[in-house]
Amino acid sequence: MLEGFTEMDALADRGFIPGMSKEEEERLARSETFAIRISNAANLVLFVAKVYASVRSGSLAIIASTLDSLLDLLSGFILWFTAFSMQTPNPYQYPIGKKRMQPLGILVFASVMATLGLQIILESARALMSNAQDHFFDVVTNFIGLFAALLANYIDDWMDPVGAIILALYTIRTWSMTVLENVHSLVGKSATPDYLQKLTYLSWNHHKSIRHIDTVRAYTFGSHYFVEVDIVLPADMPLQEAHDIGESLQEKLELLPEIERAFVHLDYEYSHKPEHAQS
Numbered sequence: 000m001l002e003g004f005t006e007m008d009a010l011a012d013r014g015f016i017p018g019m020s021k022e023e024e025e026r027l028a029r030s031e032t033f034a035i036r037i038s039n040a041a042n043l044v045l046f047v048a049k050v051y052a053s054v055r056s057g058s059l060a061i062i063a064s065t066l067d068s069l070l071d072l073l074s075g076f077i078l079w080f081t082a083f084s085m086q087t088p089n090p091y092q093y094p095i096g097k098k099r100m101q102p103l104g105i106l107v108f109a110s111v112m113a114t115l116g117l118q119i120i121l122e123s124a125r126a127l128m129s130n131a132q133d134h135f136f137d138v139v140t141n142f143i144g145l146f147a148a149l150l151a152n153y154i155d156d157w158m159d160p161v162g163a164i165i166l167a168l169y170t171i172r173t174w175s176m177t178v179l180e181n182v183h184s185l186v187g188k189s190a191t192p193d194y195l196q197k198l199t200y201l202s203w204n205h206h207k208s209i210r211h212i213d214t215v216r217a218y219t220f221g222s223h224y225f226v227e228v229d230i231v232l233p234a235d236m237p238l239q240e241a242h243d244i245g246e247s248l249q250e251k252l253e254l255l256p257e258i259e260r261a262f263v264h265l266d267y268e269y270s271h272k273p274e275h276a277q278s
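So that you can map any letter, position 169 of the sequence shown is 168 in numbering that gives the first Met the number 0, and since no number is skipped, the others follow by simple counting.
Nothing false has been slipped in among the hints.
Each pair of labels, with its calculated beta carbon distance range:
#1 Phe262 - Ser208: 17 to 25 Å
#2 Trp203 - Arg26: 36 to 44 Å
#3 Gln196 - Ala234: 26 to 34 Å
Since the hints were derived computationally from the structure, they do not count as laboratory data.
Where a beta carbon is used, it is the ideal one built from N, C-alpha and C, also for glycine.
Just need the whole structure built from these sequences, with the hints factored in.
Structure (structure tokens):
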């Protein structure tokens, strides 16, 4: 908490957030890009190997593990595509930006992957039902992936669909949590109280003429926040001076990396009813 308020003080005093130099940021970006490419190449090699093993063995457990590798590859592609799309703004067709493309892409992708995982569970259940019924209740559910496929080869056939079911359930659970997180980012969930306190602190210390902070809101808009701040200024303040205070506060708020856009509303009193029908 103290570190966050120190950051707000630095932004209020200097007009920028102290951090890495431009050269350091470029060096970090290059290293991150290299690491991402290595990771994607490794995932691709692993995926090809699992596809080959799935075709050769027909193991449901290996197929479920192959699905997990496919998730890694496709999620990386979706993140790259949405990041590329967000870097090409179109203020006429998308006046508030494209920040929601990333969580929307993840939602669609996760829904498809959860459906595939459910299909694997159904196929595995059919395989279990086709085996001897007396084996069904002896299943030990802590063998998954390739290990389950090996057990199916050397011990009993029912180990393979059981391992596939466990992997599919894990995949569905993981991506269901991802879906919930991205739903929150799309529906406009409020920022944490600590973050709202930092925004209030920054707004209050922005200018000595600010008499009162009426409202501070921050809610998710994709991966970033939209911020609304209502400040109260003296009733007799000239319009030009009031405008400059509000605009400079807006620009200062938008320097924060978590904020996509800030809206500053100026008023001369705070005892009025809410400006919007729904608030």
